[in-house]
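Chemist: Sequence:
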Amino acid sequence: MPDMRELLETAYAGEPPMRHSTDDFVAGGRTRRARRRAAWAAGAAGTILAVAAVAVVPQIVAGHGEVPASAQDAIRYPVTAFGYTLTGYTIGGIAVSDPVNVTPGYQQARIRRGDEATRLDRGDGTSEKVEVSSSVLTVYRYGVFDSAAVGGGEPVQVGGTTGRYVPDTMLAWQYGPDAWAVIRSAPGHLSLNDMVHVAAAMRIGPSRPATLPWRMTYLPAGYQLSSMGLVADDSVSGAHVQRGAARFTRQPERYSGLSGPLTGADADSLRIKVFPLWYGESQLPPLLRRTSAQPSAGPSYEPSLDPSRWPSYDPSAGSSVWPTSDPSAYPSPVDPFCVPGQSRCFRYTADGAYLIEATATAPEQNGELIQVLRGTRLADPDDPTTWSELGEALPRPAR
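The numbering used here puts the first residue of the sequence shown at -18, with every later residue one more than the last.
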């Protein structure tokens, strides 16, 4: 049998180089993503063996640094603090999504049965049909999940390992040495048999970088990225209405001995969320909605609430156009506005299709949140191939 050196040499032979550029966001985005995906696919065998190292868990060092993995589980852990190794799949009519939220300690995916959906009020007398998820799959890194959380659960066979089942609540099992995955179900949503089938079908693949549907140029001092994805960490289950989210904290969060995912409840957090216009406006106080019969006349609100002040929109160009790869050179065409008395501000996109929300649990001045929003530019939230990796998406201190 060849030794590890020979295996590594064979694995590296012919492996295509990873490409990374800062080309124009829209013009180059899809091409870059396609090249990377081709490189990842062609180099998967090399990835399996090439990342072998001593296993460690990131201790909330928010950042984009590499995270070594163990030799036994070389492809089971993302190689960066914010990376995905899970890919969505369907088993027996139950669909597991691609990861929708990721932290340095785990990645999360939605679980949806069949065509589950609900109707939400659009605020104009009509409703919108949206998909919903009532269960969540969380895949933890090595050493992050505290198995004592399911110590009293019933032993259940999951493939070739023994998991623990807490009736009507969750199933936990090891997919690698001290590496746990957990399915949490709303009461009555998934049966034990459903959970076991979903668990047994889970596969972990090569690491790929997480991306965000925006680029931003400013964050208040001291904030660093804690979680990110398509949805916020406080709303992974429920209606599928968010189109991008990130949470930044000033206090380190520890990813060890966890009994469940973190939601920022015990940390000063700054959040960014993106909503389609119809849903975002339904969350606004009536006087701040641009469709309100009597919008606020305050100078900080007027540019956003007066459609006559909006830039013209060219549908052929897409929902958001990047005139340059450097967004800081172009000021926001639509001014942010804030909810009086709250650390909660918003900005409409130039085309009026989305609403971006910035909130803070610490008593941040609204001026800081306004500056965050002015420096934020969306790609196409519904097309992940236009999204940016963290090195492009965030200001350097926050990565």
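Derived by calculation from the structure, the hints in this document are not laboratory data.
Misleading hints may appear alongside valid ones.
Label-pair ranges, simulated between beta-carbon atoms [unchecked claim]:
#: 1; residue 1: Asp249; residue 2: Ala129; range: 44 to 54 Å
#: 2; residue 1: Ser108; residue 2: Gly133; range: 35 to 45 Å
#: 3; residue 1: Gln232; residue 2: Gly73; range: 35 to 45 Å
Beta carbons: idealized from backbone N, C-alpha and C, even for Gly.
Chemist: Find the hints from earlier in the document that the structure breaks and name them by number, from lowest to highest.
Modeler: Checked against the structure, the only hint that fails is number 1, while the rest are satisfied.
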